[in-house]
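A.B. asks: As a plain string of letters, each chain reads:
There are 2 protein chains.
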Amino acid sequence: MTQLKQQQCTVCRPDAAPVSDADLDRLLPELAGWQLEERDGVKQLEKQFRFPNYAQSMAFTQRVAELAEAEDHHPAILTEWGRVTVTWWTHTINGLHINDFICAAKTDQLAEQ
Amino acid sequence: MTQLKQQQCTVCRPDAAPVSDADLDRLLPELAGWQLEERDGVKQLEKQFRFPNYAQSMAFTQRVAELAEAEDHHPAILTEWGRVTVTWWTHTINGLHINDFICAAKTDQLAEQ
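Respectively, the protein sequence lines represent chains A and B. Under the working numbering, the first residue of the first sequence is numbered 1, with each subsequent residue one higher. Under the working numbering, the first residue of the second sequence is numbered 1, with each subsequent residue one higher.
Hints are supplied without guarantee of correctness; some may be wrong.
All copies of an identical chain are treated as equivalent in the list; a pair is satisfied when it fits inside any one copy or across any two copies.
List of simulated lysine to any residue pairs, SDA-like, C-alpha gap at most 20 Å [unchecked claim]:
#: 1; residue 1: K47; residue 2: A76
#: 2; residue 1: K5; residue 2: R39
#: 3; residue 1: K5; residue 2: N53
#: 4; residue 1: K47; residue 2: A59
#: 5; residue 1: K43; residue 2: E80
#: 6; residue 1: K47; residue 2: A16
#: 7; residue 1: K47; residue 2: A17
#: 8; residue 1: K43; residue 2: W81
#: 9; residue 1: K47; residue 2: E80
#: 10; residue 1: K47; residue 2: T2
#: 11; residue 1: K5; residue 2: G82
#: 12; residue 1: K47; residue 2: V11
#: 13; residue 1: K47; residue 2: W81
#: 14; residue 1: K5; residue 2: D15
#: 15; residue 1: K5; residue 2: V42
In short, the hints are calculated from the structure, not lab data.
Using the sequences and the hints given, assemble the complete structure.
C.D. replies: Dropping the structure here:
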């Protein structure tokens, strides 16, 4: 199977089905350290990344933003001194789409750079 | 009186006094649109800025991060599609210092650019 990080986001239409519970159980273990959060009934993928200072936090934020523009899929990024919290979900369907898992995997790749 | 945006942050020592309630009542009206929030007993200054797209949100985030490094005082910045939420408080004293008001005023200047 093609790894998540090797896939591209596809256009997500409002009538697209969110990731099923069965797919969720299969996909989540592929992502190390990502938590499933639910806010106002909307499932989200979230992970906190640690850095030794603000400059490195901000550099990572910048890389995630570039990924977001390249994939045309945009997360919430919380930048603080020494840590960045990235949250992926799909606004169009108010939940999780395969795009979110692809982007989470690619976010991990950026953190390794 | 020197305007907030014209002042520089000073070093804030752990035994520095937080802004008094009287000063809070005087300073807050100088900042248009900034809300006083209290989280886990810690007072914070917060404002949401709107932008027409992600690129402009991210450009603003970058400018706020540059201000943070220049003042050696670092806010939480939440970057999302079309909006950026900036939260200033002083970790050293778990509350609000005059530095936070100075940086909030300077953040407003960045949003006007």
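A.B. asks: Given a CA cutoff of 20 Å, do K5 and N53 count as a within-copy pair, a between-copy pair, both, or neither?
C.D. replies: neither (27 Å within a copy, 25 Å between copies)
A.B. asks: Quick one: K47 to A17, C-alpha cut-off 20 Å, is that within a copy, between copies, both, or neither?
C.D. replies: neither (24 Å within a copy, 35 Å between copies)
A.B. asks: How would you classify K47 and W81 at a CA-CA limit of 20 Å: within, between, both, or neither?
C.D. replies: both (16 Å within a copy, 18 Å between copies)
A.B. asks: Between K5 and R39, at a C-alpha cutoff of 20 Å, which is it: within one copy, between copies, both, or neither?
C.D. replies: neither (26 Å within a copy, 37 Å between copies)
A.B. asks: Regarding K47 and V11, is the shortest C-alpha distance of 20 Å or less found within a copy, between copies, in both, or in neither?
C.D. replies: neither (24 Å within a copy, 32 Å between copies)
A.B. asks: Up to 20 Å between alpha-carbons, please classify K47 paired with A76: within, between, both or neither.
C.D. replies: both (11 Å within a copy, 16 Å between copies)
A.B. asks: Up to 20 Å between alpha-carbons, please classify K47 paired with A16: within, between, both or neither.
C.D. replies: For K47 and A16, neither the intra-copy (25 Å) nor the inter-copy (34 Å) Cα distance is at most 20 Å.
A.B. asks: When no copy is named, should K43 and W81 be tagged within, between, both, or neither for a Cα gap of at most 20 Å?
C.D. replies: The answer is between: 18 Å across copies meets 20 Å, while 27 Å in one copy does not.
A.B. asks: Classify it for me, K47 with E80: is the Cα-Cα distance of at most 20 Å met within a copy, between copies, both or neither?
C.D. replies: Answer is both; intra-copy 14 Å and inter-copy 16 Å each pass.
A.B. asks: At most 20 Å between CA atoms: does that hold for K5 and G82 within a copy, between copies, both, or neither?
C.D. replies: Neither way: K5 and G82 sit 25 Å apart in one copy and 26 Å across, limit 20 Å.
A.B. asks: From the Cα coordinates, with 20 Å as the cut-off, is the pair K43 and E80 best called within, between, both, or neither?
C.D. replies: The answer is between: 17 Å across copies meets 20 Å, while 23 Å in one copy does not.
A.B. asks: How would you label the pair K47, A59 (within, between, both, or neither) given a Cα cut-off of 20 Å?
C.D. replies: within (17 Å within a copy, 23 Å between copies)
Checked against the numbered hints given earlier, this structure breaks hints 2, 3, 6, 7, 10, 11, 12, 14 and 15; the rest are met.
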